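> Take a look at the letters that make up each chain.
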Amino acid sequence: MAGVIARRLVGSIPILLIVSLITFAMIHMIPGDPAAAIAGLSATGEQIANIRRDLGLDQPLLTQLGHWYLNLMQGDLGRSLLLGQPVLSATMQRLPVTLALSGYALVLTLLFGLLSGIVAALRQNTWIDQAAMVFAMLGISVPNFYLGLLMIILFAVHLGWLPTGGYIPFTADPIGWLATSTMPAISLALLLTGLLARITRSTMLEVLRQDYIRTARAKGLPERRVVLRHALANALIPITTVIGIIVSLLISGSVVTETLFSIPGIGQLLTQAVLNRDYPMVQGGLLITTALLVLINIAVDVCYALLDPRVRY
Amino acid sequence: MSRPRRSLGVLRRLLHHRLFLLGAALFGIILAAALLAPLIAQVDPNKLSMRNKFQPPSMNYVFGTDNFGRSLWSRVIWGAQLSMFIGGAVVAINAVAGTAIGAIAGYFRPLDNMLMRINDALMAFPAVLLAIAVTAVLGPSVNDVIIALAIVYTPRTARIVRSSVIVLREMEYVQAARAAGAGDWRILRRHILPNAMAPLLVQLSFLFAYAVLTEATLSFLGVGAVPPTPTWGNIMAEGRQYMTDAPWIITIPGAALMITVLGLNLLGDGLRDVLDPRLRIQQ
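Same order as they appear, the protein sequences are chains A and B. Residue 199 in the numbering used here sits at position 199 of the first sequence; the count goes up by one each step and never skips. In the numbering used here, each number is its position in the second sequence, counted from 1, plus 313.
Among the hints, erroneous ones may be present.
Said to hold, decoys possible - Footprint (simulated), chain B over chain A, 3 or more residues, beta carbon under 8 Å:
1) 27-40
2) 134-147
3) 151-162
4) 287-296
Said to hold, decoys possible - FRET-style restraints, in silico, Cβ to Cβ:
5) A:70 x B:424: 28 to 36 Å
6) A:220 x B:424: 53 to 61 Å
7) B:427 x A:237: 31 to 39 Å
8) B:553 x A:36: 27 to 35 Å
To be clear, the hints were calculated from the coordinates, so they are not data collected in a lab. Because the structure is a prediction, the values reported are computed rather than measured. Built from N, CA and C at the ideal position, the CB exists for glycine as well.
Sequences are here, hints too, so could you generate the full structure?
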């Protein structure tokens with residue numbers, strides 16, 4: 001297993017190198033003078049010169065690249081122009097919020113996505129199957145911020161059951177966390193639940209047609225045992241591979257969900273950074289999030305290899 | 314089977330696919346509204362009329378008015394035109410660039426490793442984050458949004474084309490064409506790409522939906538097309554402040570967006586079932 005992990009880690013190095021190179025190049029793709037664009041329209045020549053010097057934009061490109069990688073290896077991703085604090089610490093402060101919200105949404109996704117997919121497969125071509133698939137199709141078609149807005153109008157504005165936004169950390173008040181996180185988590189999870197339900201149903205139907213399921217039934221095993229021990233256990237293996245995609249979609253979705261519900265996570269941080277032309281924050285936040293996703297995908301691949309001994313990397 | 318007969322068979326199967334027809338109808342309504350915008354939404358979508366602000370939907374104002382008294386009907390219909398334009402442009406760029414990159418990587422193996430590593434790196438970024446970062450760099454305009462979405466989604470198309478090309482280049486009929494002296498470009502153009510079109514078409518229909526959705530997300534976040542240009546995303550973003558008193562400013566463009574995405578998803582499912590049955594969601 002250590003070999004699998006090592007091979008996947010080594011394999012991710014070129015991807016991370018290119019990701020970091022693209023992130024570095026971003027600031028140089030700003031049309032015109034990047035320092036002037038960052039400083040804004042009302043900036044004086046001196047302010048622009050200061051930004052150019054602070055960001056090292058007055059150095060030759062190769063020197064800038066060398067500094068970028070040198071700093072990267074020391075965990076230095078520069079300072080946020082908006083917050084005045086190091087990009088790494090600003091991101092790490094908000095990471096637990098995004099992870100907690102994504103974790104909550106992931107639990108909802110797995111619970112409802114797997115359940116509705118399994119039930120739909122077992123009740124193929126009945127109204128239950130059709131209802132589950134209509135729900136799944138609607139789930140993948142409703143934009144998460146639209147669902148969020150509809151929930152705010154209904155549950156916060158009209159019924160007053162939940163707050164319209166804000167965030168209470170789980171460690172400070174678990175009930176408050178649940179109240180502030182439930183609508184954002186549902187709006188994040190709906191699309192993914194639909195996606196997972198469709199994949200689960202499809203995979204389960206595939207597995208239920210296999211000879212070993214027929215054998216299990218023929219030897220008189222109870223249906224519950226056939227479904228849980230024989231079908232589901234094998235169907236879950238390919239489903240594991242989509243967890244990486246689901247986590248990536250969760251992080252993408254959190255950008256708009258956090259902004260909509262005023263949740264101080266990475267998504268909101270990056271949106272604010274973009275709107276305020278805080279390019280070091282955009283670069284660093286993007287790099288950290290992407291590196292995190294690459295690592296999560298490696299973890300998913302390792303789980304896949306653990307679950308299915310036929311898989312070799 | 315000859316190509317025209319095969320196309321007729323595909324068309325016949327599509328016309329018997331109920332969900333495909335429903336998707337085509339939903340998407341067709343939005344597309345028709347976008348194309349007919351100059352005829353059916355003649356009121357300037359940016360015309361202010363403060364006396365008529367916050368009018369609920371009625372016979373006079375079909376979709377109501379917003380906080381500046383602008384006709385929401387006009388804004389939603391012209392917003393549809395922009396969404397269709399952006400979606401169409403992203404799909405066109407993807408069809409060309411994604412096919413070219415995927416075909417080159419899949420056919421010319423020495424280039425595969427380099428191209429696919431860049432591709433993988435671009436796909437490693439979370440899609441919406443990469444799109445907002447690119448628009449942050451390029452600036453918020455319709456053209457820059459199209460470029461951002463093309464950068465985000467082209468690698469996904471390239472990977473799908475590459476997978477098909479890798480399989481097809483080993484087929485016997487391709488080997489036969491090579492043995493008969495056909496050049497690489499001719500083999501790619503005449504023998505491989507036409508057979509790699511099915512998964513590409515399916516991908517492009519889903520991609521249209523993603524592009525429309527991501528554009529709306531960017532506009533909602535304030536990094537898309539600049540107001541007062543009406544987009545579904547920025548109409549909803551402006552309506553957020555008034556959701557208690559004028560919820561229609563949010564619900565109507567949101568419903569239009571949902572219908573578009575739903576229609577395209579159903580279209581994509583139908584195309585996949587008919588053109589690429591290996592990938593079909595089990596019926």
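> Apply the coverage criterion to the stretch 287-296 of chain A and chain B: a residue qualifies when its Cβ sits closer than 8 Å to a Cβ of the chain, and three qualifying residues are needed.
With 4 residues in contact (Cβ-Cβ under 8 Å with chain B), the coverage given for the stretch 287-296 of chain A holds.
> Between the beta carbons of residue 220 of chain A and residue 424 of chain B, is the distance compatible with 53 to 61 Å?
With Cβ atoms ~57 Å apart, the hint holds.
> Tell me if chain B covers the stretch 134-147 of chain A under the three-residue, 8 Å CB rule, please?
holds (count 8)
> Could you tell me whether the CB distance from residue 553 of chain B to residue 36 of chain A stays inside 27 to 35 Å?
holds (32 Å)
> Within 28 to 36 Å or not, the Cβ separation of residue 70 of chain A and residue 424 of chain B?
With a Cβ separation near 31 Å, residue 70 of chain A and residue 424 of chain B satisfy 28 to 36 Å, so the hint holds.
> Are there at least three residues in the stretch 27-40 of chain A whose beta carbon sits under 8 Å from a beta carbon of chain B?
Coverage by chain B holds for the stretch 27-40 of chain A (4 residues, Cβ < 8 Å).
> Verify this for me: three or more residues of the stretch 151-162 of chain A with a beta carbon less than 8 Å from a beta carbon of chain B.
This one holds; 3 residues, not fewer than the three required, reach chain B with a Cβ under 8 Å.
> When you take the CB atoms of residue 427 of chain B and residue 237 of chain A, is the distance between them in 31 to 39 Å?
This hint holds: roughly 32 Å between Cβ atoms.
This entry satisfies every hint, going by the numbered hints stated previously.
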